[in-house]
Amino acid sequence: MKSSFENTLPKLVIAPGFVLGFAFIYGLMVWNGVLSVTASRMLPNYDEFVGLEQYVKLWEMDRWWLALKNLGIFSVLYVGGAMLIGMALAILLDQKIRAEGWLRTIYLYPMALSFIVTGTAWKWMLNPSLGLEKLMHDLGWASFSFDWLVQGETAIYCVVIAGIWQSAGFAMALFLAGLRGIDDSIIKAAQIDGASLPRIYWRIILPILRPVVFSTIMVLSHLSIKSFDLIMALTGGGPGFATDVPATFMYVMSFTRGQIGLGAASATMMLATVAAIVVPYLYSELRSKPHDR
Amino acid sequence: MTAKSLLRGLLYAVLLLAALFFLAPLYVMLVTAFKDAEEIRSGNLLSLPSALNFDAWRAAWGSACTGTDCRGLQPFFMNSVVMVFPAVLISTLWGAVNGYVLSLWKFKGSDVLFGFMLFGVFMPFQVVLLPMSQVLGWLGISSSIGGLIFVHCLAGLAGTTLFFRNYYAAVPKELVNAARIDGAGFWRIFFRIIVPLSTPIVMVTLIWQFTNIWNDFLFGVAFSGADSKPVTVGLNNMVNTSSSVKSYNVDMAAALIAGLPTMLIYVLAGQYFVKGLTAGAVKG
Numbered sequence: 001m002k003s004s005f006e007n008t009l010p011k012l013v014i015a016p017g018f019v020l021g022f023a024f025i026y027g028l029m030v031w032n033g034v035l036s037v038t039a040s041r042m043l044p045n046y047d048e049f050v051g052l053e054q055y056v057k058l059w060e061m062d063r064w065w066l067a068l069k070n071l072g073i074f075s076v077l078y079v080g081g082a083m084l085i086g087m088a089l090a091i092l093l094d095q096k097i098r099a100e101g102w103l104r105t106i107y108l109y110p111m112a113l114s115f116i117v118t119g120t121a122w123k124w125m126l127n128p129s130l131g132l133e134k135l136m137h138d139l140g141w142a143s144f145s146f147d148w149l150v151q152g153e154t155a156i157y158c159v160v161i162a163g164i165w166q167s168a169g170f171a172m173a174l175f176l177a178g179l180r181g182i183d184d185s186i187i188k189a190a191q192i193d194g195a196s197l198p199r200i201y202w203r204i205i206l207p208i209l210r211p212v213v214f215s216t217i218m219v220l221s222h223l224s225i226k227s228f229d230l231i232m233a234l235t236g237g238g239p240g241f242a243t244d245v246p247a248t249f250m251y252v253m254s255f256t257r258g259q260i261g262l263g264a265a266s267a268t269m270m271l272a273t274v275a276a277i278v279v280p281y282l283y284s285e286l287r288s289k290p291h292d293r
Numbered sequence: 001m002t003a004k005s006l007l008r009g010l011l012y013a014v015l016l017l018a019a020l021f022f023l024a025p026l027y028v029m030l031v032t033a034f035k036d037a038e039e040i041r042s043g044n045l046l047s048l049p050s051a052l053n054f055d056a057w058r059a060a061w062g063s064a065c066t067g068t069d070c071r072g073l074q075p076f077f078m079n080s081v082v083m084v085f086p087a088v089l090i091s092t093l094w095g096a097v098n099g100y101v102l103s104l105w106k107f108k109g110s111d112v113l114f115g116f117m118l119f120g121v122f123m124p125f126q127v128v129l130l131p132m133s134q135v136l137g138w139l140g141i142s143s144s145i146g147g148l149i150f151v152h153c154l155a156g157l158a159g160t161t162l163f164f165r166n167y168y169a170a171v172p173k174e175l176v177n178a179a180r181i182d183g184a185g186f187w188r189i190f191f192r193i194i195v196p197l198s199t200p201i202v203m204v205t206l207i208w209q210f211t212n213i214w215n216d217f218l219f220g221v222a223f224s225g226a227d228s229k230p231v232t233v234g235l236n237n238m239v240n241t242s243s244s245v246k247s248y249n250v251d252m253a254a255a256l257i258a259g260l261p262t263m264l265i266y267v268l269a270g271q272y273f274v275k276g277l278t279a280g281a282v283k284g
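Here the protein sequences come in this chain order: A and B.
For the first sequence, our numbering begins at 1 and goes up steadily by one.
For the second sequence, our numbering begins at 1 and goes up steadily by one.
What the simulated footprint calls covered on chain B by chain A, stretch by stretch (three residues with Cβ under 8 Å from a Cβ of chain A suffice, anywhere in the stretch; the number is not a length): (1) 11-20; (2) 24-33; (3) 90-99; (4) 115-124; (5) 147-159; (6) 261-269.
List time: in silico DSSO-like cross-link candidates among lysine-lysine, alpha-carbon distance up to 27 Å: (7) B:Lys246 with A:Lys134; (8) A:Lys57 with A:Lys226; (9) B:Lys4 with A:Lys188; (10) B:Lys108 with B:Lys173; (11) B:Lys173 with B:Lys106; (12) A:Lys11 with B:Lys173; (13) A:Lys96 with A:Lys188; (14) A:Lys69 with A:Lys57; (15) A:Lys69 with A:Lys226; (16) B:Lys108 with A:Lys11; (17) A:Lys96 with B:Lys4; (18) B:Lys106 with A:Lys11.
By construction, these hints were calculated from the structure, which means they are not laboratory data.
Cβ atoms here follow ideal geometry from the backbone N, Cα and C, with glycine treated the same way.
Isolated chain A (complex conformation) (with noise of 0.2 Å):
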């Protein structure tokens, strides 16, 4: 009888927290599916069944297709800039340095701190005429102007400079952490054999990092889906919807222009962007790891 009760303990236990944890996770997620299925403006209205009309709206959106528009530019230039820049501070740390645990401290503590607050600091700096232009001009250079943020075409950069900022630290810890657990015995070896320092890095330490390489890009990727806080402390979004992204977008509609269906159906597509990456990557990790001892 206790034996029975001891093996069923463990289920009851964990029993709650998971119910909540799938009814938050998924039983939101199909809500979210039904309401974008609705003719759901201020209120949430079930009743009124509109099939795909919200999704047909949502792509016939100029904005909408702006704000995809932007979301590609910043995920490939803040994912590829924050990889280039986090792998080779990485790199480069790598080689014995003196006070590198100062380095590092200076380079990750953007990463400890909201995207709201470092939105703030980078929209001073990034002011047309006191921040950085005026701080060329003070140094001699009369002729330089820096008006990105406020230039429709421009903004965007803005927010990718401020983005890698804020994560390319992160990406160096990770890459970091790779490269210490390399077995220096192959980097020997490989330098015996006469073999210089940039190819056997090519070479031999960049395919042993692949699955690290690729862990931070799945990160870093949707983390850049996801992205809203930096983008509503930077630029609000503007100026016009210049910096619009999905994540932005979504909370306009259903927050502030009451279209609460055609939100729903944007945060739809945002979640299929995301799985869509991450699944196939979830799956991998969970199968190739056995977690019986």
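Following the hints, position chain B against chain A.
Just chain B now, kept in the frame of chain A:
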């Protein structure tokens, strides 16, 4: 020999330059927060303030206006304090128990359950915003700090479960089996054997959750009411309040105040923060 030392010098130069790039915003925030309006106009981003002027800090904390509310950042900061501690503690404890079961009391299907839970770490929270605000309304906790605590506990559950499960996976099963033979039950093993082993992962999870919840903006802006806005929302509203004169010094002081708790934790317990980052990033 000289070529080598030249290369070495170059290496340090690049690393130092990178350090300057990462430190620049912090430096700019600090010097700006100590200037007055006149100094901001006459100086530039990098120029040092002529004196340590705390007016902007005082204003940011206690008298700067957000719309018509001129109580500074203080009420928002306090909301965050009240919100963050229960949310962090509950989600950490909850994750510990989940992780304990999923690694040491595995049952048929528990790995699959965990796999489904893991998606919660990556899910874009936009997808839960609309239904959740209705749920909070039904529970009678919409626009309240209680509601935010509830949402943060649920949103953090997948992550904390992941941390503890991975950590407990390394606990030798023999330890648990021996205890069972001695007659120890589920809870006794947890409190007597597992909890004492957990200090490192508890630290990681506490710091990770604290940082995430303190820095959250999305739930704060979507679910809080006039009296329950967290500090990130307060800061954003304060900075974007349209007024004729922009007080950059007050904005910077406010940003530093809002960032102070997580920065302090990072300085004091950075290694746990880094472990959390890497554990969260690399797999289940």
